[in-house]
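A.B. asks: Can you build the whole structure from these sequences, using the hints too?
Residue numbers (the working numbering), protein chains in the order written: chain A, 1 to 319; chain B, 1 to 319.
Mixed in with the good hints, there may be bad ones.
Heads up, the list lumps identical chains together, so a pair's fine if it works in one copy or across two of them.
[To be verified] Here are the simulated BS3-like cross-link-like pairs (lysine-lysine), alpha carbons at most 25 Å apart as the crow flies:
(1) 268 - 49
(2) 25 - 49
(3) 285 - 92
(4) 41 - 220
(5) 59 - 25
(6) 282 - 25
(7) 25 - 61
(8) 204 - 285
(9) 282 - 92
By construction, these hints were calculated from the structure, which means they are not laboratory data.
Number of protein chains: 2
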Amino acid sequence: MEKVVLGIDIGGTNTEIGFVTRDGKVVAKNHTPTLTNTDFKHYFNALVKAIRRTEQSIKGKYDIVGAGIGAPNGNYLNGCIENAVNLGWGDKVPIIDMLKEEFGYPVCVLSNDANAAAVGEMIFGGAKDFGNFIMLTLGTGLGSGIIINGQLVVGTDGNAGELGHLTVVPGGRECGCGHLGCLENYCSATGMVRTALEFMAYNKVPSVLRDIKPADMTSKDIYDAAQAGDSIALDTFQYTGEILGSAINDMITFSSPEAIVLFGGPTKAGDYILTPTVESMKANKRKFMTNDVKVIISELDGAQAAILGAAAMAWNDIE
Amino acid sequence: MEKVVLGIDIGGTNTEIGFVTRDGKVVAKNHTPTLTNTDFKHYFNALVKAIRRTEQSIKGKYDIVGAGIGAPNGNYLNGCIENAVNLGWGDKVPIIDMLKEEFGYPVCVLSNDANAAAVGEMIFGGAKDFGNFIMLTLGTGLGSGIIINGQLVVGTDGNAGELGHLTVVPGGRECGCGHLGCLENYCSATGMVRTALEFMAYNKVPSVLRDIKPADMTSKDIYDAAQAGDSIALDTFQYTGEILGSAINDMITFSSPEAIVLFGGPTKAGDYILTPTVESMKANKRKFMTNDVKVIISELDGAQAAILGAAAMAWNDIE
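C.D. replies: Right, here's the structure in full:
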């Protein structure tokens, strides 16, 4: 029987589950609402039911050899979801122990979404040939997963790879982490909206973005405006790339990777974001940086990326 | 017979060599001038002679099982000293191949000084218990060696761990690497002198440092002045620690280490530099940083540290 692993992606609204082969084929999938701000047991029971139903559909056809979970604040080292404010399950939820007890899969592994995305890219995506790369996921925040010598960097407490909180503008924009001027307040979907607002405050240039309520504005709106030649939008992409490129060079001083892989909504803008990023990397390049670090967009299918990332964590631990 | 390795530290003026046991005991040592701006062959021949003489003194008593070299721009991956401007030996000197051919030691390994210091601290010093730590060597510049899961991080091209070139003041002081505002222009012996000059320019507060030619001023002068209560000197330590602490937090977002180990002249000032560094780390701490990262001063004996670091590289590769 062909082997599969279970991939579970716990999002703020929905939990996606799927059984995934070593080749990255999703052979069965399902989903269940993420029950937030409730006793975790309620949610876990619903998750178990959804998994059991999906298991039935592949019974006798596939051998389930492990499970991987991607979740906000998922800690690889202790298998707990810790202080995930948006989920509201309290300080520490031992989801891996509970999953092991329920299903008895030989390997069960948890990590945060960005780490799972990095491992997904290494196992199934465009980073198969790279032993050293950094994945940056641009969404509401900026997550990151760091691979060094083919291994995910988790650090002493499981909290390594929080590059969204590199200082890029000392004393700059307020961040949810309590610090000022972190990368994710500039180079994420919400960071781009903040930049557009700042530019609209700075000058009086006409822009279609002035007709969108700030609370409703998305990076997609900025992309659409940029395509129509809107100068506030174009300047926003330029500034985002400048900051991102400079931050990437700082990352290079650390692990000198072969590549930076970008994932998430804002990266759908392609060259609008890539061109200023790569230009900024060149402008800020240090003399000792002999390695031409590639900047590439993730090859993972956006709709399945989260399940693939979670499943990849399990395949990676098995191998 | 007890096993030893040969440690070679190539400095800008002198090359120190020593045979070192697994316990970190230097059983024989020697030195030879570093012949710079000449054909590398001349220098290498003199080095071989010095090693042969020292070998004689331990013959029959110890079994030599390897050699480690610490050198400016020493590349771990290819065993070459590359573009070391101060040594003037050209683009690429294959010192490891030459050493292997000459002596036939089973293991020969090269790295830059800061990486060697990190491995030295792990094998012989205060970081024996740490699988994850970062060594920062504060001297003319700021070098660094990064250990993750007990392994030295060298990156794709051997140029990982150049944290002296993290951007800490965007658009700030000129750096030799071609970038502006790198960490080493603030938090190194020369960086501290630059800070003292800036403070003397900013205000007119009396200071003994005003009686020292800038070209002659050292971090030791600043330390002596601080001990006498000189406010320019005290402010210099305060500012150095503020920048260093903030940069350390940025490093923590990357690898979440157990400890930061400081080495070099400015760290002899003890609490003058440690206190503002730790205060700045606390002030800039991100909410997700649950790990209390220790900041400690290197335990390696300064006079022997370079040989021990080079020897440790060999011991580490053997094990």
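A.B. asks: Would you mind marking each hint as holding or not holding in the structure?
C.D. replies: Each hint, compared with the structure:
1. 268 - 49: Neither way: residue 268 and residue 49 sit 35 Å apart in one copy and 62 Å across, limit 25 Å.
2. 25 - 49: within (23 Å within a copy, 62 Å between copies)
3. 285 - 92: between (42 Å within a copy, 21 Å between copies)
4. 41 - 220: Neither. Shortest intra-copy (37 Å) and inter-copy (61 Å) distances fail the 25 Å Cα cut-off.
5. 59 - 25: within (17 Å within a copy, 63 Å between copies)
6. 282 - 25: neither (38 Å within a copy, 46 Å between copies)
7. 25 - 61: within (14 Å within a copy, 62 Å between copies)
8. 204 - 285: For residue 204 and residue 285, the Cα distance exceeds 25 Å both inside one copy (34 Å) and across copies (37 Å).
9. 282 - 92: between (43 Å within a copy, 24 Å between copies)
This entry does not satisfy hints 1, 4, 6, 8, going by the numbered hints stated previously.
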